[in-house]
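In order, the protein sequence lines correspond to chains A and B.
Sequential numbering from 1 applies to the first sequence in the working numbering.
Sequential numbering from 1 applies to the second sequence in the working numbering.
Calculated directly from the structure, the hints in this document are not laboratory data.
These numbers were taken from a predicted model, which means no experiment stands behind them.
Hints should not be assumed to be uniformly reliable.
[What the hints assert, rightly or not] The calculated lysine to any residue pairs, modelled on SDA-like cross-linking and capped at a C-alpha distance of 25 Å, are: (1) B:K156 x B:N203; (2) A:K48 x B:L295; (3) A:K55 x A:S205; (4) B:K48 x B:M15; (5) B:K114 x A:R144; (6) B:K50 x A:E278.
[Stated by the list, open to error] Residues of chain B clear of chain A, computed beta-carbon distances all greater than 12 Å: (7) T85; (8) K114; (9) H125; (10) S137; (11) K165; (12) D189; (13) V193; (14) N196; (15) K225; (16) R241.
[Claimed, not checked] For each label pair, taking beta carbons as the anchor points, the in silico distance ranges come out as: (17) B:P122 x A:N203: 57 to 63 Å; (18) B:S239 x A:P204: 53 to 59 Å; (19) A:R97 x B:M261: 43 to 49 Å; (20) B:E278 x A:S239: 48 to 54 Å; (21) B:P122 x A:L107: 16 to 22 Å; (22) B:S239 x A:F113: 28 to 34 Å; (23) B:F49 x A:K142: 34 to 40 Å.
Built from N, CA and C at the ideal position, the CB exists for glycine as well.
Chain residues, written in single-letter form:
Number of protein chains: 2
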Amino acid sequence: MSQFQVTILGCGSAMPTTLHNPPSQLVNMNGKLFMIDCGEGTQLQMRKFKARMSKLQGLFISHLHGDHFFGLPGLITTLSMLGRTNDLDIYAHGEIRLMLNPLLMYLGHHMQFKINLIPLNPEGHELLLEDESIRISTFPLKHRIPANGFRFEVKKSPRRILREKVDRYQVPVEQLRAIKEGADFVAVDGTVVSNNRLTTPGNPSRAYAYCSDTAYHPGIVPYIKGVDLLFHEATFAESERERAAETYHSTAREAAEIAKMAEVKRLVIGHYSSRYNEIGILLKEAVETFPNSELAVEGKVFDL
Amino acid sequence: MSQFQVTILGCGSAMPTTLHNPPSQLVNMNGKLFMIDCGEGTQLQMRKFKARMSKLQGLFISHLHGDHFFGLPGLITTLSMLGRTNDLDIYAHGEIRLMLNPLLMYLGHHMQFKINLIPLNPEGHELLLEDESIRISTFPLKHRIPANGFRFEVKKSPRRILREKVDRYQVPVEQLRAIKEGADFVAVDGTVVSNNRLTTPGNPSRAYAYCSDTAYHPGIVPYIKGVDLLFHEATFAESERERAAETYHSTAREAAEIAKMAEVKRLVIGHYSSRYNEIGILLKEAVETFPNSELAVEGKVFDL
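Using the sequences and the hints given, assemble the complete structure.
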């Protein structure tokens with residue numbers, strides 16, 4: 001099966017601790033590498049976990065709180081020093097220009113690659129990127145400032161041709177495409193060879209959704225329905241439910257409720273408040289509502 | 001003796017590695033806490049080494065290469081979240097405004113403390129700060145962009161009164177100041193009591209100089225003459241002397257030559273190029289020219 005991996009680089013939150021790094025994740029889909037959020041120190045985490053910085057194709061910044069993007073200047077500078085020439089696409093709310101542009105101007109003459117700043121629409125559901133095998137879209141979250149979640153999808157792959165069978169039935173080349181898409185083969189003499197004798201199933205589609213930072217917001221359920229892996233922030237435990245609501249964050253139980261409503265397959269929680277030295281209590285809480293819950297931890301890799 | 005400590009938070013250089021953090025140091029003089037340079041991840045290093053972030057009084061940024069200041073946004077934001085109300089003085093080249101102002105504007109309404117940006121003069125020797133016990137000055141280095149070194153000095157403290165002696169000789173209170181400054185006591189009847197019977201020596205002055213980033217530049221010697229501790233960048237070994245000159249950096253031997261010329265007491269080298277996994281070779285080289293050389297390492301504390 002083709003590669004679809006999520007690597008946690010940082011799963012702390014705004015107040016830095018010695019236990020967790022500010023938020024950042026890597027998403028690898030069929031060898032295409034994307035980053036979600038880029039808190040301070042992210043480039044150091046990439047090195048620590050031996051991520052191939054040069055393979056980075058695009059960055060998705062959920063919202064403009066510093067813990068989600070203060071690592072950008074350092075990352076961009078290092079990519080420049082490494083001699084990058086490919087464009088880098090950054091999907092973020094438009095105001096990021098105010099903070100990035102002076103930096104880019106300052107570095108300008110040294111940068112040998114172009115940065116494309118693609119503004120996120122904080123209101124709507126939007127397709128951001130699509131090619132023959134992947135699809136990345138965004139949807140609004142509910143936070144103190146405009147914030148967007150992301151859905152990363154590896155499309156269902158076509159059925160796989162069984163070479164020895166198509167040779168045996170002398171299937172003409174021009175019919176192979178239809179057969180990959182599920183068609184039976186009708187021979188010149190009228191014989192029908194059913195598709196399942198000529199092919200094996202392709203890979204099903206797989207999807208990963210990232211929801212942080214957000215208050216409890218059932219409105220996101222349609223956008224994350226049935227995903228194979230959901231990352232949902234769980235800044236607080238239920239005992240801090242009021243504080244979570246005040247700060248437009250979620251509790252571990254709320255994250256699990258969303259996972260249950262959206263009928264996702266697996267839930268990963270993160271963006272832990274600095275008050276928790278021991279994050280097991282957050283897991284315990286999530287599991288009570290959604291058994292297939294896991295903790296994000298720096299360096300952990302999730303395979304879809 | 002009053003406290004004068006230098007703590008290394010980061011002693012790597014521009015290309016991040018898993019071994020060293022981007023440059024930053026803390027200087028504690030009589031309980032007044034200052035920071036020199038603030039590379040990405042510095043606030044995380046402060047937490048790691050249990051530095052009292054709230055006690056930070058001023059920051060000195062040597063030059064505007066990203067590895068020396070990308071940690072500022074995160075540090076400022078965290079100070080704000082911690083509820084700081086005292087002003088924070090940042091001494092840096094004026095162009096830093098371009099990069100800091102948008103950030104401060106963005107954070108603006110949440111910041112309960114004022115940042116004073118005091119521009120550095122890249123040309124001259126200047127006094128930056130002085131009070132009754134400390135003096136901080138700056139001087140030009142030789143780098144690809146304007147860069148300044150810093151000299152931190154704890155002033156010589158006045159002589160210490162021996163209480164039982166001044167009582168015995170019935171020295172009037174109004175003469176104590178002169179005695180602290182070295183005067184003898186002349187009694188009403190003409191008896192002279194010499195100063196060294198009334199006082200013990202105060203502390204001598206102590207000085208720390210920070211020189212990074214810079215090419216080999218004997219012009220700095222007058223500004224760092226006789227300091228107790230000199231930090232001088234040693235990005236490269238002598239074998240890379242040409243590369244050092246091209247990039248306006250120094251070799252370990254050159255750092256040691258400067259230390260020797262300036263007759264400093266101790267030399268600390270740092271700002272290691274990412275090419276050195278093993279920094280012992282840099283120390284070896286420095287020691288050949290200046291025996292009292294040491295390596296900077298993250299977390300190491302130097303007492304003056």
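**OP:** Would you list, in rising numerical order, the hints stated earlier that this structure does not obey?
**Re:** none
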